[in-house]
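Participant: So the chains spell out like this:
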Amino acid sequence: MDLNTVADVRDARLREPWQPGDAWLGGGTYLFSEPQPQLRRLVDLSRMGWEPLILDPDGSLEIAATCTIAQLYRFGRTLSAEAAPLFSQCCRAFLASFKIWNMATVGGNLCNGLPAGPMISLTAGLDGSCLLQSQTGATRTVKIVDFITGAGRKVLQEGELFRSVTLPARALDCRTAYRQASLYGLGRSGALVIGTLDPVDGSMAVTISAATVRPFRFWFPLPPTKGELRRVIEATVREDDWYDDIHGLPEWRHHMGLRLAEEVRHELTQLSRDGVR
Amino acid sequence: MSFDIEVNNQRFEAEPRAGQCLRTYLRERGWFGVKKGCDQGDCGACTVHVDGEPVHSCLYPAVRAEGRSVTTVEGLASPEGELHPVQRKFLDAQGFQCGFCTAGFLMTTAALEAERGTEHDDGKLADLPRAFKGNICRCTGYRAIEDAVRGVRHTERPCAGKAVGKSLGAPAGPQVVTGTARYTFDVEVPGLLHLKLLRSPHPHARIVSIDTTEALRVPGVRAVLTHHDAPDTLYSSARHEHPTEDPDDTRVLDDTVRYVGQRVAAVVADSEQAAEEGCRRVEVVYEQLPYVVDPEKAMAPGAPVIHEGKGSEVRIARVENNVAGEVHGEIGCVADGFAEADVIYEETFRTQRVQHASLETHGCVAYFEPKEDGTGERLTVRSSTQTPFLTRRALCALYDLPEDEVRVVAGRVGGGFGGKQEMLTEDIVTLAALKLRRPVKLEYTRAEQFYGATTRHPFTIGIKVGARADGILTAIQMRVVSNTGAYGNHGPAVMFHSVGESFAVYRAPHKKVDAFSVYTNVVPAGAFRGYGLGQVTFAVESVMDELARRLGIDPLVFREKNIIGPGEPMHSPIGEEEDLHIASYGLDQCLDVVRNTLAEDESSAKAPEGWLVGQGTAMAMIATGPPGGHYADARVSLLSDGTYDIAVGTAEFGNGTTTVHKQITAGALNTTEDRLTIRQSDTDVVRHDTGAFGSAGTVVAGKAVLLAAGSLAERLRTFAARHTGVARHLCVLGAEAVDCAGRVVTLKELHEAAIAAGAEEEIAADGHWGGSPRSVAFNAQWFRLAVDPDSGEIRILRSVHAADAGKVMNPMQCRGQVEGGVAQALGATLFENVRVDDRGEVTTAAFRRYRLPQYADVPRTEVHFMETTDAIGPLGAKSMSESPFNPVGPAFANALRDATGIRFTEMPVTRDRVWLAMDQRRRARSAGAPAGA
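Chain order of the listed sequences is W and Z. If you use my numbering, the first sequence closes out at 277, no skipped numbers anywhere. If you use my numbering, the second sequence closes out at 933, no skipped numbers anywhere.
Calculated from the structure, these hints are not laboratory results. No experiment lies behind these values; they were computed from the predicted model shown. A couple of the hints might just be wrong.
[To be verified] Have a look at the derived ranges for each label pair, beta carbon to beta carbon:
| id | chain 1 | residue 1 | chain 2 | residue 2 | range |
| --- | --- | --- | --- | --- | --- |
| 1 | Z | Asp588 | W | Lys226 | 50 to 60 Å |
| 2 | W | Thr141 | Z | Ser2 | 34 to 44 Å |
| 3 | Z | Asp641 | W | Ala7 | 28 to 38 Å |
| 4 | Z | Glu28 | W | Thr141 | 37 to 47 Å |
| 5 | W | Ala7 | Z | Glu53 | 22 to 32 Å |
| 6 | W | Arg77 | Z | Asp641 | 53 to 63 Å |
| 7 | W | Arg230 | Z | Arg280 | 48 to 58 Å |
| 8 | W | Asp146 | Z | Thr180 | 32 to 42 Å |
| 9 | W | Asp146 | Z | Leu192 | 48 to 58 Å |
| 10 | W | Ser80 | Z | Asp674 | 55 to 65 Å |
| 11 | W | Gln270 | Z | Ser604 | 24 to 34 Å |
| 12 | Z | Asp554 | W | Arg77 | 47 to 57 Å |
| 13 | Z | Gly123 | W | Pro57 | 41 to 51 Å |
[What the hints assert, rightly or not] Stretch by stretch, here's where chain W covers chain Z in the computed footprint (C-beta under 8 Å, at least three residues):
| id | region |
| --- | --- |
| 14 | 53-64 |
| 15 | 309-317 |
[What the hints assert, rightly or not] Selected chain Z positions facing chain W (in silico; Cβ < 8 Å):
| id | residue |
| --- | --- |
| 16 | Gly19 |
| 17 | Arg116 |
| 18 | Thr118 |
| 19 | His120 |
| 20 | Arg130 |
| 21 | Glu272 |
| 22 | Ser603 |
| 23 | Ser791 |
| 24 | Phe831 |
| 25 | Arg848 |
| 26 | Arg849 |
For every residue, glycine included, the Cβ atom is placed at its ideal position computed from N, Cα and C.
Only chain Z is shown next, with the shape it has when bound in the complex (with noise of 0.2 Å):
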C-alpha cells in the first residue's frame, strides 16, 4: 500500500501506524511547528490545514491525510520568507508571551481570514469568543491576541539607547511567529529512546514484588527500571538556591507509593508504543496500605503516617502527624487585641486544588555529548525546566556526578507558572540514559499534568479579625492549613510566604499564626504563581471587605486606614525578613485608580435587567524577590562584528526576561537590540543562575545583567582611551562606534585592538547579582459585577487593575504579564477545579474536565502602572509576573457580595453554586429563617 501525502509542497511516502494521529505524523517529519499542547482536541495548538480546511491534528487519522495536503505553520509564509498577514499582526500586537500555542491562533485565524467573504462566512471574525472556542492561551489573557487579529500595533522599535521604558518587542517573536523557535521537544536526536511510567492505581501501598519479565519481552523495550535501580538517596523535586528549604522525602522509584498516579516503574524502549506496552505488562504486587486524604484528619492521632520511618535529617516537622512545616508565632497579644475590638469577624475560607496547565507538558530529553576538553562525554539534559542550573545540582548529587559531566539547558520554555520550579522527570531520564548510555525522552501527556506533576496547594484559612469602631484593626489571627499532597517539595517554603506579606501589607498591633504544610495521599502540590500568598490573600481580603461593611465604613477607606505607608517596619507574626524593604511605594497610588474608577464608572447601565450589580476591590503586597538569596551571573561581550553577545543564566518561558535583560543592555551601552543576542537558561553560559521563579527574571537577573553591561561600557571607555590616548571622559560610546573627542573608533576596530593587544578581558564584564536586599511590589482589583439570581451567571462589567512594578521597563510586556495574570486567576475564581475522589486520585485529568478560561470568558481588564521608582530594582524596576493573580479572587468575591450580599467563602464560584447560595438564602427567607450566608 502506498502512501502520499503533501506538506508544505513537500511530499511524503512514509505511510503512517494504523492508530497514527496527523499531529505526531508531522513532528516525526520535523514538522515541529505543530505542537502538542493537550493531545486530546481541546486547545488547538496542533492546528493544521488539510486541503484548506482547519483541523486538529491530533484527532486527524494520520491515514486519512492520504492524498491530500497539509499546511503547518511553517508553511503560513511565502516560500520567499515574506510573512503571511496574519504572522506580521501577531507579530506587530505581540499576540503571544510563551507562544506555544500561537501556531494555533495563526493558523485558525489565517483559516477565518481565507473563509471571509465566502459562501461558509457566518461571521466568525467578528465574533472571537466562538471563533476562538478550542483554542487555549494560557498567558496572555486574549487582549494581545484580539489585537492582533484586529491588526493592533503595539511594538517599538527604539533607538540606540533608547530601549529601557519602551515597548520592544520579543527578541524571538519572529521565530515564535513561523514555527521555527524550539521548544524542549523540537529537536531531532538520533537512536533517541522514549520512557513511558507506570503508575500507581493505589493512594498508599507497599510494593510487595515487580515482576518486569513481561515487559523486556515486548520487542523494542530496552530496560524497565524499577525501585530496585533506583538510587537510596532521598531529596526534594522542589527546586530553591539552598535545597535545606525542603523536605528530603522522595526517592525517584520508591518501594512504597503515596498517592494514585505516583511513579513505580519506567519503561525504555525504541518507540513511545512499546514503551506504553510494556508498561501494561510489569506485574506489580502492591501491599495496600490506610491512606488519608483530607489534611485536618491526616494531623489527628492515629492516622496513617504517610512518611513513617523517616528520620530528621529529612527536615519534615512531625513525621507522626503528617505536618511537613509548620510555623507558629504572635506579636503582641490578639486576645487583648480583641478584647479592645468593637467588630470581630471570623470565618473560613477554603481554596481549591488549580493547576498551572502550562500547555507544554513537563519533560526532558537527555543525550551523551562529547566534553569540549576532548576528556570523554557528559550528559546534556534539555528540559522544561524554570531551573536549568539548580536541576543540574540536583542532577549531580543524586548520582553522584561532578558539575562538568552534566549540562542542562532549556530551549524556549512553553509556559511555567511555577510548575518547572521542580525536578518531575529529569530525575528518572538521567537514570534511564545513565543505564543504557543512550539518549533517552520523556514527555509527559496532558493527563500526566494532572495526575504525575504538581499542584497550586489548596488551602483552609481560619481567620479571625477584630478592630474599632473607628475603623482601626486591632488584632488578626489566622490558622492556615495548606495541602501539600504526598510529598513535602515546596510546602513549607509556600507556607511560610503565604503568611508573610499577606500579613506584614496590614497594620495591627496584635497578630498570630499558626499555620501547618500537611501530607496527604493526594498528588504533590507545588510551587504555583503567587506562592501561597493567593490563597491567604482571599481570605484576609474578603475580612476586611466584611468588616468595612459591618462597621459602616467604606472599604477603600478602611484600607487606607490600616495599610502600612512608606517607610513603615512589614511585621508579620512569623518574624520580620531584614533584607525585606519598601524601596518604593506605590499602594496609595493603587488604591486612588480604584477610588478615581469608582467616581468615573457608569458600568452598571450595562447590567441587564433584573440582575444584581455589585463592586469590589481587593489588594496585594508581594515581595520582589524569594527569600534567603537568589544568585544570578551575567556577562556581556564586545564581539568581533562589533555586536553584543548576553550570556544570562535565567529560561525564558514567555515572561519576557530576556527582552527586559536587550533593553537594559542596550541603555547601558546605548545600542539598539538588533546588536544583542542573548544565550541563555543553559549551565554552560554562565557560572550560575538559580531560574526564573520567585518573579527573579527582571530584578535580580535583570541586575546581574545591568551590572555586566554598565561594567562593559566603562571597560570599552576606558580601553578607548587607552587605545587612542584620548582622555576618557572625552570618549563616548555609541551604538557602531566609540567617538573619542572626534576620533571615531568601531566596535569592530576596537574589538581588533584588544585582542591585538591581548587585553580580552577589557571588551568583556560579568554582572552577579544575590538577590539581596528586596524590595515590595504592590497591585490592587477592581471589579464591577452583574449576577442573574435565577441562573448564577456573572458578568464582568468592568475590570481595572492597578499594578505598582516600579519602573516599567516594557508597558506593552508588563501589560500582558498582568492581563495574563488576572486571566489565570480569573480562572481559578470562576471555574478552575482539579478534584480529586475518596481515594485522592484526580478525575478532572483533560482539559475539557479542567476548564480553563477561554476567549470568552475573560473581559479586557484595564492596566494602570503606577508612578514609582524603586532604589533596589534596576533602573527603578520591580517585579510583576506573580504579583497580578493575587487580588484578582478576593476582588471578585467581594463584589459578588457586594451584588448578592453573600459571602462566598470557597473558590471557585461557579454559576450553580452562586445560584445555589442565593435560592438556599430565598428559601431560608420564606421559611422566616433570619437572613445570611
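Bound-form chain W, shown alone (with noise of 0.2 Å):
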C-alpha cells in the first residue's frame, strides 16, 4: 500500500545520520504491508551491492541481508551441502507466496522477529550468527538464537543495520530434519523444528520456533532419548514461552512442538543407527 507519511526514500550509500522517522528498506514486503505512520523516510538498502550469498574459504555460508528469499532458495536447490534441504524447507515454511520471495530478503524477515519468520527458524537451526552495524559503524556479532529476545522483538538499536547473518560449515554439513505444523494448509508455522546431527562428533542440536515467542535451541553432545529431550525442553521453555495467538492456541504449540521434536529427534537417530542416509 502506499505509505502516504513518507516524504523521501534516501539511498543508504550515502549514509545520512538516521532521524527520527526513519526505516531501512530492504525489499518493502513488510513495510508496504500495513500503515506505517510514524515514517517519513526510508533508507533504500537495495543498492549496497552486496553479494547476496558468499562461501566463504572456510566453508561457512554469509548471507547478505539484502539477500532476496529467491535467490537463497535457488541458492539452496543447488548447494551440495548436507544441510541443503533445510533451505528450500524453511522457504516454503513462508505463508507468503513465491512472488514475494522475489522482492522479500533474509534481513527483512529476521529484523520482523515474528515467531514464525522462517529465515529465524533457518538460520538459528543452523546456529546462525548476524552481523549488526550502528550508526556510528561499530559492529558486534550477535547469536540469531539471541538476537530474537521475544514476539517481534529483537536486540536491533534504532537505526542499527541488519548486515548479514553467517551460517558456519560445521552447520551446513550436517544431517538435517525438518517439521512444521500450520493451522491451515500450507500456512502459516505454528510449529517449526529443525535437527541437526553433526557428523563430526555426533551430537544433536534440535531448535523449536514458531511455536514459541522466540527460538529455542536445544544442543546436546549426543543424541538424547526421547525422555531426555522432552525433559530438557519442558525445563526450559516456560509455560508463557509457548506463543499464543491466533494461529495456534499455546497448549497446542506446546504439544506440536514437543511432539515435531521427538519426530526429528526420531528422524535423526534412526537414520543415523541404520547408517543409512
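Put the complex together from the two separate chains, hints included.
Facilitator: Structure below.
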C-alpha cells in the first residue's frame, strides 16, 4: 500500500545521519504491507551492492541482509552441503507466495522477529550469527537465538543495520530433519522444528521456533533419548514462552513443539543407527 | 531526478511519490487491470511482472521500478490482440466468477508457464496448492481455476434457441481475462476528490466537540464533515424493498459512536494522502460511555442502553433492553412433545463472526452529469453495490432529492455475498459531493472492510429436540440470540429468516422459538450468504445427527422419517408464509445422492495410518426469494442491426445472472447469445429492480427477462404477420429473420418497417415479476474426513454436494456457485473468524490474520444436480446461490463427530481446538472420569 507519510527515499550508501521516522527499506514486503504513519523517510538498501550469498573459504555461508528469499531458495537448490534441503524447506514455510520471495529479503524476515519467521527458524537451526552495524560504524556479532528475544522483539538498536547472517560450515555439514505444523493448508507456521546431527562429533541440536515466542536451540553432545529431549525442553521453555496468538492455541503449540521435536530426534537417530541417509 | 518506466511497451516518466507502491502508480496511469484486493501482499490480485518476474505490485516500492519493464494483465495478449494461451484457457474453463482476482491468477500462471523447463523450474505448475499460495479467489472454490490452468474446456456455444441448460460462457469473459472489465473504481473522473474517514477509537462515546481547524489547514483538504453537517434523519444502512423491515437507527454521521471503527468525520481532499493527513489532525473530545459486547449481557437489566432515547418510530423492538428485534412463537405445545419423547437432546451451538471478504472492497464514486432533458445536473453514484435502485431510493429520502436527480449505477462488482446489500459509503460520499459540488470517491481499505463494513451475524442457538424410540420427532425448541452489533440494519430480518425454513423442513407436531436480535458495541453484522439460515442449520443438523445416533438409527433414515414431503405445508413457529410453496421437491433425491455415495465410497482407504475416519451429512432448505415482494423490471428491444438489447436492473458480481438472462432471452427469441447485449445495474435502464440479493438473480430478474423476451417474440411475430399479410401462426421467428410462410423478413427489415410504421412499441416488450409466489430449493452435503488424533489436522477424503436447483439453466455456472458456496462455508467451518477484543475492537483486520480458504484448503467437491422442474421459477429453475453454504458446516461437524466421538458445538473447528478437545477427553478418561465431550 502507499505509505503516504513517507516524504523521501534516501540511498543507504550516502550514510546520512539517522533521524526519527527513518526506516531501512529492504524488500519492502513488510513495510508496504501495513500502515506506517510514524515513518517519514525510507533508507534504501537496494543499491548497497552486497553479494547476496558468499561461501567463505572456511566453508561458512554469509548471507547478506538484502539477499532475497528467491535468491536463497535457488542457491539452496544448487548447494551440495548436507544441510541444503533446509533452505528450500524453510522458504516453503513462508505463508507468502513465491512471488513475494522475489522481493522479500532474509534480513527483513529476521528483523521483523515474528515467531513464524522461517528465516529465523533456518538461521537459528543452523547456528547462525548476524553482523550488526551501528550508526557509528561499530559492528557486533550476535547469535540468531540471542538476536530474537520475543515475539517481534530483537536486540537491534534504533538505526542499527542488520548487515548479514553467517551460517558456520560445521552446521552446513550436518544432516538435518525438518517438521512444520500449521492450522491451515500450507499456512503460517504454528510450530517449526529443525534438527541437526553433526557428523564430526555426533552431537545433535533441536531448534524449536514458531511454537515459541523466540527460537529455542537445544544442543546435546550425543543424541538424547526421547525422555531426555522432552525433559530438557519442558525444563527450559516456560509456559508463557509457548506463543499465544490467532494462529494456534498455546496448548496446541506446546504439544506440537514436543511432538515435532521428537519426530526430528527420531528421524535423525534412526538414520544414524541404520547408517542410511 | 528523472524517472523512466516501461509499462506494456509504453514509456512513462511521471515520478512516483516517495512512499508510493507500484500498484497505485500503475492505476494512476490508467492500468486498471491491476486490482486492489488487500493492498497488503496477501491476495495476489495486483500481480504484475517486473522485468519478467512476478511480484505483488502493492508491496513493490514504485521508485524501484525505475528503468524497468512492467507487464500488467493488459499487456499479456499480443499487441495484435491475440490472447495469451493462459487467457484463452481461463476463458474456456471459465476459471473465474466475479473476476476481480483473475488478473492475479493469469499473471501468476503465465509466470509459471514461462518458468517451466528453465533452471529455476521447481515443479510449481505440478503443485498448484503451493504455486497459488498468495492468490485468493473468494468465488470459485478453485476447481474452475485448476481446470483453467490444466486446459479443460467447459464453455459451450449453443446454436439458436438452444441456450437454456447449456454452459454458455459469461458475456464479460473476454473483458475479465484481458483486464478491461470495468469494476467500480476503474474509471477516470476529472477533478476527483478523495474521502477518508476518521473512525472512533471508543466502543461507546458521546462526541463532546470536534475541532477541524488543523485538518482544514492541510494543503489539499477541501472539507471536513462532522455530525454538524449530517442530516438528522435516521435510516437503516440495510437495503430492502420495504425499508420498514429494518430499524432506522443510523445517522450519516452521529454525535454518539457505538463501536470502535464507527465513522466520526469525513475528510475530503485532492488526494488520499491529504485526506489521511486531515483525519490525523481532526481533534475530537469524547465522553466515554459504558459499553457491552456480549449479547446476553446486553439484554440483562442494567446494561448500557446503546440506542437510548430512540422512539418507537425507529422500529427497535425494545430500546431499553438492546433488543433490535425479537420473535416468539409456538405451535402445538412443546412441553407435551417432550413428555412424549423417548430421547431428548439439548445443546447450545455457537457460530462466529465471519467477513464476506469480497475481493473488491466497498466504495463508490459520485459525480455530476448533465440531465438528459437539459434542465441542469444530476448526481451519479457509481457504487460497488448489489442494490442500485434501493440505494437511489435511500439517497433520495436522506437528502430530499427527486429520483430523476440521482442515478445509481454499478459497474462489474467484485463479489458481494450479501455485504453489498447495504448502503455503507454512498450516503457519506453523496453528502460530500452535494456540499462541494465536486466528484468524490471513497474506496475502503481491506482493514476497513473488517471494522467499517459488516459481518455475518454471530449466533448462539440453544436447541432442544425430542424424538420417540421409533425415530419420529415430537418437539423442536430453540432459543436463538443473534448479535447484530451496534446497528440493527439486517438484524431483525436475518433473525426471522434464520428460524423459518430451518424449522419448517422438519415435521414435528410441537415447535417453539424465542429469538432475539441484540445490539452490542461491536461492528454491525449484516446480510451474509444464507441470511441466518446457515447458523441455525448448524444447530439443527448437528442435533438431528446426534439424536439419530442416540436412537441407534442411521442419520439418513432418521431424516427421511422426519423431513417434509412434497406438497406438505411448511410449519414454522413464527407462522406460515402464505406465498411459499414446494413447487418442486428434490430433497429425497438429495438424500439418495448421499446414500448412493456411501454405498460405493472407498475413500477411507486414503486415510493415513493411525488417523480417525468419519462421515457425516447435513441438509438444508431455503426459499427461492425473499418474502414480502422482490420486484424486477426488464425490457427487451429489437435494435436496428437486427440484434437485441436486454435492459435489466440486477447487478453482476460473479453470480452469473447476466449469462442466465442471455440464455433465457436467446431461448425465448430463438437466437444466439452473440446477438444479445445487456445493459444492467443502472437506475436509468429500467423502472425498478429490488436488487441482486436473496438469490433473486435467476428466479426474479430472470423471470422478468423471460416475460419480456417471450412477449417480444409474440410481438415480432404479430408485427411480421401484419407487415407481410401472412397469417400469424405461419410466422416463425429465427435468429436472423422471421420466416413468414416462406417469405423471409430479416430482423433488420422488420425494425425498419416498424420505425416506418411508427410502431416502435411492437419491437420492444417489458417484463415484470413481483417475486411471489416463491418456491424452495434443497441442498445436502456429505463429507468423509480423516483426523490426526495427535495434531487435530483434518483431511477431507471426499466431499459430495447434492443441489436441487430445479431446471439448471447453466450447469457450468451453477456448479461454480455450488463449489464456491462449499468453499466459503469450509472457510467458516475451518478457520475464518473475525475476532474482537473485550472492547469490541476487531483484531483480525487483514487477510494474514483472517485466513480465507486458499487453493490448498479446498478439496474437489462432486456436485450433483437433482432432476426437478419448478412450477414457479422461470423455465423450471430455482435459485442456487446462497443455499450451498448452509449444510456444509454441520456436515463437517457430523463427520468430525463420527470420527472422534466428540460433538463440536462451536465454529470454527480449527486444528488446535479439535486436538485440544481430543486431548481433554484423553486426560479425562485416563483420570477415570466418564467419557464424553
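Participant: A separate judgement is required for each hint: does it hold in the structure or not?
Facilitator: A quick look at each hint next to the structure:
{"no.": "1", "hint": "Z/Asp588 x W/Lys226: 50 to 60 Å", "verdict": "holds (55 Å)"}
{"no.": "2", "hint": "W/Thr141 x Z/Ser2: 34 to 44 Å", "verdict": "holds (41 Å)"}
{"no.": "3", "hint": "Z/Asp641 x W/Ala7: 28 to 38 Å", "verdict": "violated (56 Å)"}
{"no.": "4", "hint": "Z/Glu28 x W/Thr141: 37 to 47 Å", "verdict": "holds (45 Å)"}
{"no.": "5", "hint": "W/Ala7 x Z/Glu53: 22 to 32 Å", "verdict": "holds (29 Å)"}
{"no.": "6", "hint": "W/Arg77 x Z/Asp641: 53 to 63 Å", "verdict": "holds (59 Å)"}
{"no.": "7", "hint": "W/Arg230 x Z/Arg280: 48 to 58 Å", "verdict": "holds (52 Å)"}
{"no.": "8", "hint": "W/Asp146 x Z/Thr180: 32 to 42 Å", "verdict": "violated (54 Å)"}
{"no.": "9", "hint": "W/Asp146 x Z/Leu192: 48 to 58 Å", "verdict": "holds (52 Å)"}
{"no.": "10", "hint": "W/Ser80 x Z/Asp674: 55 to 65 Å", "verdict": "holds (59 Å)"}
{"no.": "11", "hint": "W/Gln270 x Z/Ser604: 24 to 34 Å", "verdict": "holds (29 Å)"}
{"no.": "12", "hint": "Z/Asp554 x W/Arg77: 47 to 57 Å", "verdict": "holds (53 Å)"}
{"no.": "13", "hint": "Z/Gly123 x W/Pro57: 41 to 51 Å", "verdict": "violated (34 Å)"}
{"no.": "14", "hint": "53-64", "verdict": "holds (count 10)"}
{"no.": "15", "hint": "309-317", "verdict": "violated (count 0)"}
{"no.": "16", "hint": "Gly19", "verdict": "holds (3 Å)"}
{"no.": "17", "hint": "Arg116", "verdict": "violated (14 Å)"}
{"no.": "18", "hint": "Thr118", "verdict": "violated (11 Å)"}
{"no.": "19", "hint": "His120", "verdict": "holds (6 Å)"}
{"no.": "20", "hint": "Arg130", "verdict": "holds (6 Å)"}
{"no.": "21", "hint": "Glu272", "verdict": "holds (7 Å)"}
{"no.": "22", "hint": "Ser603", "verdict": "violated (18 Å)"}
{"no.": "23", "hint": "Ser791", "verdict": "holds (6 Å)"}
{"no.": "24", "hint": "Phe831", "verdict": "holds (6 Å)"}
{"no.": "25", "hint": "Arg848", "verdict": "holds (7 Å)"}
{"no.": "26", "hint": "Arg849", "verdict": "holds (6 Å)"}
Comparing the model with each earlier hint shows violations of hints 3, 8, 13, 15, 17, 18 and 22; every other hint is respected.
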